Amino acid sequence: MRRRLFAIIRKEFIHIFRDWRTLMIIILMPILMIVLYGYAITLDMRNIVFGVIDDARTTESRALIEAFSENGFFRPLHREIRRDDMEELFMRRDVHMVLVIPKTLSTDLITRRTATVQLIVDAGDSNVGTFVNNYAAQVLNIHNRRVNDTSPLLFTITPRIFYNPDMNSTHFFVPGLVALILMLISALLTSIAITREKETGTMEQILVSPVHAREIVLGKVLPYVFLGLINASLILISAWILFAVPVRGSLLLLGVLSLVYVFVALSFGLLISTVARTQLIAMFGTLMATILPTIMLSGFIFPIASMPDILQYFAQILPATYFLLIIRAIMLKGVGLAELWPEALILTGMGVLLLFAATRRFRMRLE
Amino acid sequence: MSSEHLRFTGDPALPASEFAVSATDLTKRFGTFTAVDAISFTVRKGEIFGFLGANGAGKTTAIRMFCGLLPPTSGTANVAGYNIRTQSRYIKQTIGYMSQKFSLYEDLTVAQNIEFYGGIYGLTREHIARKTEQLLEELQLQDRRNKLTASLPLGWKQRLALSVSLLHDPSIIFLDEPTGGVDPISRRNFWRIIYEIAGSGKTVFVTTHYMDEAEYCNRLSIMYRGRIIEIGHPGELKERYGLDSMQDIFIHLVGGDIRPENTP
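Protein chains in written order, with the numbering used here: chain A, 1 to 367; chain B, 1 to 264.
Extracted from the complex, chain A is given alone in its bound form (with noise of 0.2 angstroms):
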């Protein structure tokens, strides 16, 4: 048993390392992925442009716009606009809001000593237009108290952010994307393992001694774990240099318990390849079954409290949905393994059951 299972361990290093092409791409493709996707996905929103119709022109209405254009996220469109032009400029998307001062501002401050301005906002991106309208209103408060900081207030409210006070999205993405990126490149790995084999006639020459399915199904996971760890290990470095995503935890916990998150996609990639015929199609589905369900239901994104019911089923049973519970808590909570044991108990149950249908699969395939 051990010798055949040797055997198989060595002549899957001697192609991983003969074809130095493949490695490459293996290597390099999941931090390009990495910094393409690190980059390009985020929430957080900066240069807002806002336009202003100003018909008051005095200095405290100066003061409401610079105090919209100190930070970084308003940025004002330097020129003037006019109230015909305003659908246009919403329109080409010129500008996101529309801030109007009325005449009056002065005078009602003085006389009224409260005075009322219009925020018009693009909402066609929801998101968006929340996200602006809860940006101005903070604006205004600010606002509010430097002109006048002995107005009453009644209740304060002073949040304190836990765990990422920023409430920078990269942290949240990142370690999505390290779910991600493993899923997908640890299932295409072992997804054309036996079908590559089946094609090349080689598969045939091995069925006919004396090996077992699972010294097949063995032999061909475990140099891709290998594989798979320097993977994973370039991967969080790559995150960490580029994204300054921090590890509060055990580091050694999340190399751990990336393995066996590597070993359930590895696990799944090869029962694709028990089943797939061609290496075309093996890899196609395995794309097609691994990086829709992940992007879209196992909460890289969305949360799946929010979503139906039935897709809530579905998201149990993807292995990044634990992992992604998994991987942020460690690196942004510093959860030990107190509190993730049930994750980490499901993921090695789901990779021990994937590896064992591959196993009776590719029995059933010796026919």
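The set of hints was computed from the structure by calculation and includes no laboratory data.
Be a bit skeptical, because a hint or two may be false.
[What the hints assert, rightly or not] In silico contact screen, one side only, chain A against chain B (beta carbon under 7 angstroms); selected entries:
# : residue
1 : 7
2 : 14
3 : 18
4 : 201
5 : 202
6 : 204
7 : 205
8 : 210
[Said to hold, decoys possible] The calculated BS3-like cross-link candidates involving lysine-lysine, where the alpha carbons are at most 25 angstroms apart (straight line), are:
#  : chain 1 : residue 1 : chain 2 : residue 2
9  : A       : 198       : B       : 238
10 : B       : 147       : B       : 101
11 : B       : 157       : B       : 101
12 : B       : 147       : B       : 157
13 : A       : 198       : B       : 101
14 : B       : 101       : A       : 333
[Said to hold, decoys possible] Using C-beta positions, here's what the derived DEER-type ranges look like:
#  : chain 1 : residue 1 : chain 2 : residue 2 : range
15 : A       : 25        : B       : 201       : 46 to 54 angstroms
16 : A       : 13        : B       : 140       : 28 to 36 angstroms
17 : A       : 18        : B       : 83        : 37 to 45 angstroms
Keep in mind it's a predicted model, so treat the numbers as computed, not measured.
A virtual CB, placed ideally from N, CA and C, is assigned to each residue, including glycine.
Knowing the structure of chain A, use the given hints to seat chain B on it.
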């Protein structure tokens, strides 16, 4: 089915059966297509037994059933005294197989291929090392041991594949069109080796669609559309039909009824 012409070199070490291979109504269907249609025959130990037939006649399917790669639809067969339905694990340890398609790893070196195939038959490292030296010497490939298998000429690849399939010293060797695409001289050399193998007491089961190769066999069965339509010693068949060559016998038996895609 037995014949007086048979050369018989029985191996007393093998118990149970005097036959290396025996098939009884062995049948394989793929859906509605019957690839192998109730074939029955026996192969004695030490024989060179040939399956002659056009492409698609069912030779490969039959050989795959003997090697445990395909389960039969009905009927049964024994290989080395073991039942192909229930004891294929034992069969695999006892037989060697060389498939139609060249099936060494092109991106592995000659030595690495030998090491791998020795390994999956559970041979020890020392055993493999010894075999490797012996084999490289026989094939005169010592200076190419660390060259990629892809760089070898086809004739050598096939000889290497044959040697590799003999690594674990099987008592029966199945060769599925081993000389496909090889020049006549390489083919002759290949057959010289087949005779050596048979001379050492092993049974050789070979499929071919070359008529000249059919003449080299001790005994021959002609397959046509999944059935065995004739079986016997080449000389005996020629006598029976009063014809000079296997080619003539084949055409006589199959007649003009060769579908175009089945032309040898």
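Legend entry - Which numbered hints fail: Result: hints 9 and 14 break, sorted rising.
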